[in-house]
Amino acid sequence: MAVNVLLLRTAGTNCDRELAHAFTLAGATVEAIHINKLLADPAVLGKYQILGFPGGFSYGDDIASGKILANQLIHHLKAPLRQFIDDGKLAIGICNGFQVLVKSGILPGPMPQLTPEDWHPTTLTYNTCGSFQDRWVTCKSVSSKCAWLKPGQLLDLPVAHGEGRFVPRDAAVLEALKANDQIAFQYVNAKTGEATQEFPANPNGSVEAIAGICDVTGRVLGLMPHPERVSEAVNHPGYTRGNGAPHGLAMFSTAVAYVQEHAAVAV
0 MAVNVLLLRT AGTNCDRELA HAFTLAGATV EAIHINKLLA DPAVLGKYQI LGFPGGFSYG
60 DDIASGKILA NQLIHHLKAP LRQFIDDGKL AIGICNGFQV LVKSGILPGP MPQLTPEDWH
120 PTTLTYNTCG SFQDRWVTCK SVSSKCAWLK PGQLLDLPVA HGEGRFVPRD AAVLEALKAN
180 DQIAFQYVNA KTGEATQEFP ANPNGSVEAI AGICDVTGRV LGLMPHPERV SEAVNHPGYT
240 RGNGAPHGLA MFSTAVAYVQ EHAAVAV
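For the sequence shown, numbering that gives the first Met the number 0 assigns the number 0 to the initial residue and increments by one for each residue that follows.
These are computed hints drawn from the structure, not numbers from a lab.
Watch out, some of these pointers could steer you wrong.
Said to hold, decoys possible - Each computed DSS-like pair below joins lysine-lysine, with the alpha-carbon atoms no more than 25 Å apart:
(1) 88 <-> 149
(2) 139 <-> 77
(3) 36 <-> 66
(4) 88 <-> 46
(5) 88 <-> 36
(6) 139 <-> 149
(7) 149 <-> 177
(8) 66 <-> 88
(9) 88 <-> 77
(10) 190 <-> 139
(11) 144 <-> 177
(12) 190 <-> 149
(13) 36 <-> 46
Put together the whole structure using the sequences plus the hints.
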């Protein structure tokens, strides 16, 4: 089965080509379109099985990172996007794309512990170090329900953000994320593999070292690190020393395989 991926672009998007390359290596067919086209014809979504929100600085990060694009989704595309997810399809937001998903309420999404009116229980805000962080980190996949990667895998991934600190509104929201198995990735100590609050292994001070979350279905994922920038071994900083690997590619291959497997079951 052909897996079709839609990448959503707008002013300031700058990681769409890397994301398209990663999905292509994973065997998918990729198309990138401007949000204006989707606003004009939301039915376009029906052609695709995976929706990607690339990184970058959408609308120059005006107001706050991802906020303007998030508002467009809330006010003009909320119903079609909800239908896309409810139809069993996948979505991913990386860095700025994660910020968009969180600030639009698509993530963490509907939770059994919250009312439908309580749609924005988490945010991504300024790094505790007070500066933009451009470095490599090690992340661990920790959710058993996430469709994008099996738990227990360690990934070396780059980060590049100034507003990447994940913060739940309160302890109750954090406990709900844990209970629902929605914490997908954590920043870890590269030597021990244990979650850490220590800088720079945790580059932004995220609560519980959270690097990414998924919705309750496990099919919608958002994360601050950039797996699409490590889709080939040559991208890894250890490549010239013989220990590089395409750590990010596994996520996209897993997602494509998930779509193919579930389509086969549906048939």
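Right, here's what the structure says about each hint:
1. About 18 Å separates the Cα atoms of residue 88 and residue 149, which keeps this hinted pair within 25 Å; it holds.
2. With a C-alpha separation of about 31 Å, the suggested pair residue 139 and residue 77 falls outside the 25 Å cut-off, and the hint is violated.
3. The hinted pair formed by residue 36 and residue 66 meets the criterion: a straight-line CA distance of about 20 Å does not exceed 25 Å.
4. Proposed proximity of residue 88 and residue 46 is supported: the alpha carbons are some 11 Å apart, at most 25 Å.
5. Pair hint residue 88 plus residue 36 holds up; C-alpha atoms about 20 Å apart against a cutoff of 25 Å.
6. Distance hint between residue 139 and residue 149 is fulfilled; the C-alpha atoms sit about 10 Å from each other, no more than 25 Å.
7. Between the alpha carbons of residue 149 and residue 177 the distance comes to roughly 17 Å, so the proposed pair stays at or under 25 Å and holds.
8. At roughly 24 Å between alpha-carbon atoms, residue 66 and residue 88 fall within 25 Å of each other, so this suggested pair holds.
9. At most 25 Å may separate the alpha-carbon atoms for a hinted pair to count; residue 88 and residue 77 meet this at roughly 15 Å.
10. For the proposed pair residue 190 and residue 139, the alpha carbon gap of about 12 Å is at most 25 Å, so the pair holds.
11. Between the alpha carbons of residue 144 and residue 177 the distance comes to roughly 12 Å, so the proposed pair stays at or under 25 Å and holds.
12. At roughly 20 Å between alpha-carbon atoms, residue 190 and residue 149 fall within 25 Å of each other, so this suggested pair holds.
13. Our distance criterion of 25 Å between C-alpha atoms is met by residue 36 and residue 46, whose separation comes to about 14 Å.
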